Amino acid sequence: MAIGKLGAPPAVGQSPDTLLTRPTWTEGLLSWLTTVDHKRLGILYIVTSFVFMAAASFEAFLIRLQLAAPGNTLLSPDVYNQMFTMHGVTMVFLAIMPLGIGFANYFVPLQIGARDLAFPRLNAFGYWVYLVGGVFLYTSFFLGDPPDVGWVAYAPLTSLSNNPGLGTDFYMVGLFVGGIGTLVTAMNLIVTIVNMRAPGMSMMRVPVFTWMMLITSFLIIFAFPPLTVALFQVMMDRTFGTLFYVPEAGAMAILWQHLFWIFGHPEVYIIILPAFGVISEVIPTFSRKPLFGYPVIILSGIFIGFMGFAVWTHHMFTTGLGPVVNTAFALTSMVIGIPTGIKVFNWLGTIWGGHVRFTTSMLYAVAFLITFTVGGITGIMLAVPPFTAQAHDTYFVVAHFHFVMGGGALLAFLAGLYYWFPKLTGKLLDERLGKAAFWFAVPGFWVIFFPQHFLGLMGMPRRTQTYVEGIGLELWNMVSTIGTFIMLVGLVLLLINIIHGFVRGKPAGDDPWDARTLEWATSSPPPFYNFARQPVVNDRDALWVQKYPESVHGERVPEEASEPYDRHGAHIPGQSWYPLLVALALLPFSYGWLYDNMWVVGLSMVVVTFGVYAWALEGVGGRHIHFDDRRDPQGADEGEQA
Amino acid sequence: MHWRRRLLGGLAFVAVLLTAGCDLTGPQSAMDPAGPVAQAQRDLFMWTYWLSWPVMLLVAGVLAYSLWRFRTRKDEDPKALPHQTHGNIKLEVAWTIIPVILVLLVAVPTVRTIFSTEYVIDRANYTDDDVIVRATGYQWWFKFEYPREGFVTANEMIIPVGRRVIVELDSADVLHAFWVPNLAGKRDMIPNQDNQVWFSADRPGVYFGQCAELCLGAHAYMRFRVIAKAEEDYQAWVEAFQQGAERTQLVRGDPLLEQGRTLMAQKGCIGCHTVDGFYPGVTVGNPDFPDLTNFGLRTTVGAAIRDNTPEHLAAWLRDPQAMKPGNYMPTLWRADDPNAEQEIEAVVAYLLSLGVEAPETSATLGGSHGDR
Chain X
1 MAIGKLGAPP AVGQSPDTLL TRPTWTEGLL SWLTTVDHKR LGILYIVTSF
51 VFMAAASFEA FLIRLQLAAP GNTLLSPDVY NQMFTMHGVT MVFLAIMPLG
101 IGFANYFVPL QIGARDLAFP RLNAFGYWVY LVGGVFLYTS FFLGDPPDVG
151 WVAYAPLTSL SNNPGLGTDF YMVGLFVGGI GTLVTAMNLI VTIVNMRAPG
201 MSMMRVPVFT WMMLITSFLI IFAFPPLTVA LFQVMMDRTF GTLFYVPEAG
251 AMAILWQHLF WIFGHPEVYI IILPAFGVIS EVIPTFSRKP LFGYPVIILS
301 GIFIGFMGFA VWTHHMFTTG LGPVVNTAFA LTSMVIGIPT GIKVFNWLGT
351 IWGGHVRFTT SMLYAVAFLI TFTVGGITGI MLAVPPFTAQ AHDTYFVVAH
401 FHFVMGGGAL LAFLAGLYYW FPKLTGKLLD ERLGKAAFWF AVPGFWVIFF
451 PQHFLGLMGM PRRTQTYVEG IGLELWNMVS TIGTFIMLVG LVLLLINIIH
501 GFVRGKPAGD DPWDARTLEW ATSSPPPFYN FARQPVVNDR DALWVQKYPE
551 SVHGERVPEE ASEPYDRHGA HIPGQSWYPL LVALALLPFS YGWLYDNMWV
601 VGLSMVVVTF GVYAWALEGV GGRHIHFDDR RDPQGADEGE QA
Chain P
1 MHWRRRLLGG LAFVAVLLTA GCDLTGPQSA MDPAGPVAQA QRDLFMWTYW
51 LSWPVMLLVA GVLAYSLWRF RTRKDEDPKA LPHQTHGNIK LEVAWTIIPV
101 ILVLLVAVPT VRTIFSTEYV IDRANYTDDD VIVRATGYQW WFKFEYPREG
151 FVTANEMIIP VGRRVIVELD SADVLHAFWV PNLAGKRDMI PNQDNQVWFS
201 ADRPGVYFGQ CAELCLGAHA YMRFRVIAKA EEDYQAWVEA FQQGAERTQL
251 VRGDPLLEQG RTLMAQKGCI GCHTVDGFYP GVTVGNPDFP DLTNFGLRTT
301 VGAAIRDNTP EHLAAWLRDP QAMKPGNYMP TLWRADDPNA EQEIEAVVAY
351 LLSLGVEAPE TSATLGGSHG DR
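One line per chain: the protein sequences are X and P, in this order. Sequential numbering of the first sequence, starting at 1, is according to my numbering. Sequential numbering of the second sequence, starting at 1, is according to my numbering.
Next up, chain X with everything else stripped away, as it sits in the complex (with noise of 0.2 Å):
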């Protein structure tokens, strides 16, 4: 199999009886299913990850027409615990996670100007560990019944004795096979981002999206390890036997809380510092202004995600470690406010004195602002473990984290929707469309959650499928449901915008909203060598500076923005059917499990070594494609195919 005009490379391992050869189809479904392409990658985690969404706010709206009325039959309690667990796994690990990682997928190799992600492979290997992971969460509605211990899965309540069905063994496999996915991604992009960098971006002039992703990864490779182990003790207690978590033996429950909150603590900012990077992005954008203290931006961010790992028992404020612990861990967590609390200036101190411009997208950034900010301050109120030990478990917690994570992660990465749309797609999404969606959207969402402050300090506890009349808790939980409905047409809205778009939206060109970063540089969609020119940056916003050189050095006249066309071409790396074949054979692997079937996982395991093995020695492949300088790059000679 040659690689273009360069002739094969030395054959490492290559050998023309491999199994499956690489696939070259560059149209239709097999060319998706083996894809190595980090654009046809984010676009699968984006649209996987709104399909559970969507699947995750249908559950979220029976929880709340359960909770309308006190005393509504309309989910039995076991219904109702299946709903709040599969919605919060699903948000938590299917939806919000994947969405940051599917804008990382497509837009940190754009951001850096490089090809692709180091390891295109691994990459296709950890969409579809994360899509096998989630359909496989998901079929627990039909094979018996789902999860229904909450998205934290307390010991001892997930032992064999007290919950013998299957839902718990859906839970602990499926996370422990999907965390493969996001730990293979993470050390990918980690390895892309220090390593591929365009000329000249050195590390602080990495756009803020690229850098918050790198610190995204470190902390899912931190943060990971801890939640595989108690998954994987949960697993051996309820199929061998082991007693880990089993308090008839003598274990100590909490081990599970302290293991699953050094981990769920980080993961609550690998879901939200993404978020702060669509920001950080869409605010100068549409202020025509760089980001305020772009330094102090980073180092808070790094900050965050290194103090994310010394807060993790203000999620266990009651449960008795004693009030040196309590005070220790009280001052770690309100010490991340200061941070958090710097980057909020700092947004808004690049709108001052901007040129802002009100699109669908700022104004999801502006809600942002707002919404994280009230979710910022009922954190710190969650810092006080006095108050704690009555807000604890109650709709206080229930609107806080929805606060931060649905209208701070959520919201910013809508804002990131509406922002990089046009480079997905080529095509605009309609402006009008767009903010008839947003006020309903957002006022909604407040309508929601704004209220259920209320309702936990009046003491509703979280996790129950009905309420005591008489004790006032009718009038918000009734708003609180209304709200849903407000949010639901924006929902729709939203939904309506985006086929819309994809159908018949206006062309886009290659930067509409004249921002500031490389992606911006090459055609929308790109192609799929991304660019034809290697580029070369000379500072921060390297787009900003190619368009507006008087603007950022004044009279200086800025070098060569790009390298001339490379006359080496470039390698694009080849598809392959091994990442999709090894992925699916975690799923037999999974069943295996949860029937207590040790043939079928021994067998998988057998097709999992066989595939890596195979995938390792596959070859090179993919093709070399050779730019011609004097045609326009979209015109690039494809090269010759195998």
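Heads up, some of the hints might be wrong.
[Stated by the list, open to error] Some chain P residues judged to face chain X by a derived CB distance under 8 Å, without partners named:
no.	residue
1	G26
2	L44
3	S52
4	P54
5	H86
6	L91
7	V106
8	A177
9	P181
10	I190
11	A212
12	L216
13	A220
14	A322
[To be verified] Simulated pairs of lysine-lysine, DSSO-like, Cα-Cα distance not exceeding 30 Å:
no.	chain 1	residue 1	chain 2	residue 2
15	X	K435	X	K506
16	X	K547	P	K79
17	P	K229	P	K74
18	X	K506	P	K79
19	X	K506	P	K74
20	P	K229	P	K143
21	P	K143	X	K435
22	P	K74	X	K427
23	P	K74	X	K547
24	P	K74	X	K435
25	X	K427	X	K506
26	X	K427	X	K547
27	P	K143	X	K427
28	X	K547	X	K506
[What the hints assert, rightly or not] Going by beta-carbon spacing under 10 Å, a handful of chain X positions derived as facing chain P:
no.	residue
29	L166
30	M460
31	N597
The set of hints was computed from the structure by calculation and includes no laboratory data. Everything numeric in this text was worked out from a predicted model, so none of it was measured. Built from N, CA and C at the ideal position, the CB exists for glycine as well.
Place chain P on chain X using the hints.
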């Protein structure tokens, strides 16, 4: 500036509306403290709440002002460039110091309150004046033991006003949490772990409690009450419980109550439920199920989900799953049992007579009995 004053006025109005305008008090509200611990917790919350207003007004105000002031006007060149500032060291130092000061303003009272409300009292330091209760969480009810007074009850904790109550917490199965918002914040009940919570009540009253840690099944119905009584009323209650066995004997003679008592044995009630003195000298029931001694003194049915009236008690006996879905109480009468209603009436009468000094006859049942 006219509009600025109007904006501030509007925001102040919203603030007033959000605080004074909405009444968050209630029998299960953390905003309605009835004892010093809950009071300290609420005071700390209110301190952080008032501190949050200037922060919120600052952020929202600066945001609103800068969006308005720096909006791109219609007649402006969309390509025009504002001044490209990258930052300002003085400003950034300033807005690093502001959150530091705010955090310190929260942190100092927080640490003080942690150490004044959350310290653990060693058993060696219990005083004679303390009321000691051992609370055990079960799926889905609470057992309350009074080790000093020597009796057990369920789902209702009676305490004297003004004295320190130390509750030792344990769980028999999964995690639960002991939470009476009016008196103190919650503390988890964890198997194999000795937890403790203490508080006191300033005034007599009925304070609602609820399990706050997911325990599946009937978790939403796992409620209890703490009833604070004046000292002499409390002593009378303790005395009644200490005479549990003798009081159980008070029912002898009335045919309806005798029938109820017989049914308690026939239907297997006493296989699980303890009634002190049911058979003189013999202990019936199982300590891992709710103790029914002196049930006539209880104010609620089914772990504090209904008032203890004959109607509610009869409904509970007729179909426990209807009132409290998921609980472990079996349905004792088949739907087509012709004697069901009469027998339920007898058991209700018997249960409501337990512990009541002047046992009432069936003729007077259906009144306000037990609605104390």
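Status of each hint after checking the structure:
1. G26: holds (4 Å)
2. L44: holds (5 Å)
3. S52: holds (4 Å)
4. P54: Since chain X brings no Cβ nearer than about 11 Å to P54(P), farther than 8 Å, the hint is violated.
5. H86: holds (5 Å)
6. L91: holds (7 Å)
7. V106: This interface hint holds because 6 Å falls under the 8 Å limit.
8. A177: Holds, because the Cβ-Cβ distance from A177(P) to chain X comes to roughly 7 Å (cut-off 8 Å).
9. P181: Holds. Min distance 5 Å.
10. I190: Constraint on I190(P) satisfied, holds at 6 Å.
11. A212: Result: holds, 4 Å to nearest chain X Cβ.
12. L216: holds (6 Å)
13. A220: holds (4 Å)
14. A322: violated (10 Å)
15. K435(X) with K506(X): holds (17 Å)
16. K547(X) with K79(P): Within the cut-off at roughly 11 Å; holds.
17. K229(P) with K74(P): violated (71 Å)
18. K506(X) with K79(P): holds (21 Å)
19. K506(X) with K74(P): holds (22 Å)
20. K229(P) with K143(P): Since the Cα atoms of K229(P) and K143(P) sit roughly 20 Å apart, the hinted pair holds (cutoff 30 Å).
21. K143(P) with K435(X): violated (56 Å)
22. K74(P) with K427(X): At roughly 25 Å apart (the allowed maximum being 30 Å), K427(X) and K74(P) satisfy the hint.
23. K74(P) with K547(X): holds (23 Å)
24. K74(P) with K435(X): Satisfied, since the Cα-Cα distance of roughly 19 Å is no more than 30 Å.
25. K427(X) with K506(X): holds (5 Å)
26. K427(X) with K547(X): With a Cα-Cα distance of about 22 Å, the restraint between K427(X) and K547(X) holds, given a limit of 30 Å.
27. K143(P) with K427(X): The hint is violated at about 65 Å.
28. K547(X) with K506(X): holds (24 Å)
29. L166: Violated - the Cβ of L166(X) stays beyond 10 Å from chain P, reaching only about 15 Å at its closest.
30. M460: Interface hint status for M460(X): holds (8 Å vs cutoff 10 Å).
31. N597: violated (27 Å)
Going through the hint list in order, the structure does not satisfy hints 4, 14, 17, 21, 27, 29, 31.
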